[in-house]
Every structure is written in C-alpha cells, then in structure tokens.
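Asks: From first to last, the protein sequence lines stand for chains A and B.
Quick note on numbering: the first sequence equals residues 1 to 135 in my numbering.
Quick note on numbering: the second sequence equals residues 1 to 135 in my numbering.
Every clue listed holds true.
Chain A stretches covered by chain B per the calculated footprint, using a threshold of three residues with CB under 8 Å from any CB of chain B:
#1 5-19
#2 32-39
#3 109-117
Treat the hints as calculated values from the structure; they're not laboratory data.
No residue lacks a Cβ here, since even glycine has one placed at the ideal position from N, Cα and C.
Next come the chains, spelled out residue by residue.
2 protein chains.
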Amino acid sequence: MYSSKLSVSIHILSLIALKEDHPLTSEYIASSINTNPVLVRRLMSRLKRADLIKSSTKLGVTGLARAEEEITLLDIFLAVEDNRELFDIHSNTNHKCPVGAKIESTLTPLYGNIQKGTEEKLAAVTLADITKEFK
Amino acid sequence: MYSSKLSVSIHILSLIALKEDHPLTSEYIASSINTNPVLVRRLMSRLKRADLIKSSTKLGVTGLARAEEEITLLDIFLAVEDNRELFDIHSNTNHKCPVGAKIESTLTPLYGNIQKGTEEKLAAVTLADITKEFK
DNA sequence: CCTTTTGTAACCATTATAGTTACTAATAAG
DNA sequence: CTTATTAGTAACTATAATGGTTACAAAAGG
Chain A
1 MYSSKLSVSI HILSLIALKE DHPLTSEYIA SSINTNPVLV RRLMSRLKRA DLIKSSTKLG
61 VTGLARAEEE ITLLDIFLAV EDNRELFDIH SNTNHKCPVG AKIESTLTPL YGNIQKGTEE
121 KLAAVTLADI TKEFK
Chain B
1 MYSSKLSVSI HILSLIALKE DHPLTSEYIA SSINTNPVLV RRLMSRLKRA DLIKSSTKLG
61 VTGLARAEEE ITLLDIFLAV EDNRELFDIH SNTNHKCPVG AKIESTLTPL YGNIQKGTEE
121 KLAAVTLADI TKEFK
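Please build the complete structure, drawing on both the sequences and the hints.
Replies: Structure (structure tokens):
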C-alpha cells in the first residue's frame, strides 16, 4: 500500500484551508495530526515546491497557493509520494524462458492502465470536497 | 506500492498454464523467475490454499485447479497480498480539532471507492489474457 | 538586532519484503 | 515396505521505506 503521506498532507491542507486566526505553524499542525513537527515540515516543504501552499520563516504557513477547488488529490499525491507505481514487477527474470522473457513487457501496460484509473479518481476529488466535511 | 507478489504469482501461474512435459518443481519455476525456490513455494502454498493450483509432494505442481479463463488477477491478488488497503490513513489524530476528529471517517469511504475501482480492473483480466502473450 | 520558524541533515526504531539454510512430512514409485 | 524426491514451513539475515526524533543553520518579520 501507499504510505500515509497523502492522508497526512490532506490533513495539513485542510487545516490551512479552514484556518481562522491561529498562527499556523508546523508545531500547531503537528498537534492536530498528533505527530512530530519535523514530519509536518518535510511534507510542507514538498507541498510548497509543488506550489500548493505559501509559507515563510517567522510566519509559518500563510495560506494555500490556489483556491481549494483548484487543488485535486492527484496534485497532492504527486507532490508527496515518491513510489507511485501501483504494483512492483520483479526484474532479472530468465529470458531463456518464454514467460521470463515477456512477463515484464506484458504486465507493464496492464498495470499502467490500472494506475491511470486510480489517478483519474484522485484527480476528480478536490480539497474543497474534503473540507466541506469539516464545516 | 504493492509488492511484487502479484507479479511473481502471475509468472508462476503462467508457467503452470503453459507447461509441457517438464516436471514443474519449485526449483524449475524459481529458475525462470530467477529467485529462490522457497520464495516460490511460499507463494504456491497460498495459491493452493486459494484453490488456484493443485500440487503434491514428490510430483510438484500438477496443474491449475481451474481453467485459465476462470482465474482472474483479482483472485491471485487476494490470494497472495496481505496489505490490500491502497492508501494508509494516519490514526491517533487529535479529536479536539474538527479536522483531526473527522479526517479518518472522511477519507475511508473515498479511498474505499478508489480501491474498488482497482479491484474491478483486476477482476476483468484473466490468466488466459496474460498467457496468450507468451504463445 | 533579535526572536521565531522554516528547512534540512543526521540519526534511530519499526516493519515489510526478499532471500537463504535447514528441517519435517508427505507421497509416488519401485 | 522402502526410498528418494519435493512441498511446506520455521528461523534467520539483509535491505529499504516509513515514521519519529534531536539538532542546527538560515531566513525574515517586527
């Protein structure tokens, strides 16, 4: 399975989208997630690089870089998840065997098709769809 | 990402489906995958428990338990993969925060829906669809 | 100038996968 | 019945990814 990075990132972005007058620091966000501030900063760093949030030292997070309706779960997923392949394929098979020779090239497009479906579903949900559950 | 267990299992089942006169032992199968016989036996054990293959000591694998057209990739996936959840969700969130209180119940059905799509796509492909690539 | 907070580096613990050795028990076949 | 072969499994190791932690440098608002 994929890591909880997507889930935690959605949590972070929801807090930012809903923020009121709190100073939104990694410390504050971490207390809602119940984890370590450094873990939050690591994800925030990637979310910033993907142009999803705005932040600065001294002030912490100042807000989203785009409207919540314009941020999809796929944007978040691509920003924080490194290992995006859905299924791993074993390599170094024995190419003298007809199955060993073609298994990788047979499975790759098949898995790619399934993954495309997953990413389309992630792209169909926006941060606004999530945050409306918290209001 | 999911482990290579599905890919390796498809490899094993393809060899069985295509077998000619070879005695199909874990040793022989491992040489096509280029891995260890014990790893093959571990997967075979689960495939047998899921009623996908027939095997016995002394003879090794004697064949598929069903026609290739009746074995879907979902059958194989369910037989060999333990961690089937697509996305991990962080738990122990701070329930005093509105986001922390509802994040899990918000994401669970959403992820479930995406995973359902994945499993439907796996169910739409049979072992016969794979093996025809090797003939 | 000074205080706060991000942004990272450098660790450690835990878990899952993959690989390996070694053994038991089943069983086909002579 | 005996024997040789092989599945089945236990136990161990190596490796990699995740999650968590401490520590510190650099940015920047006031």
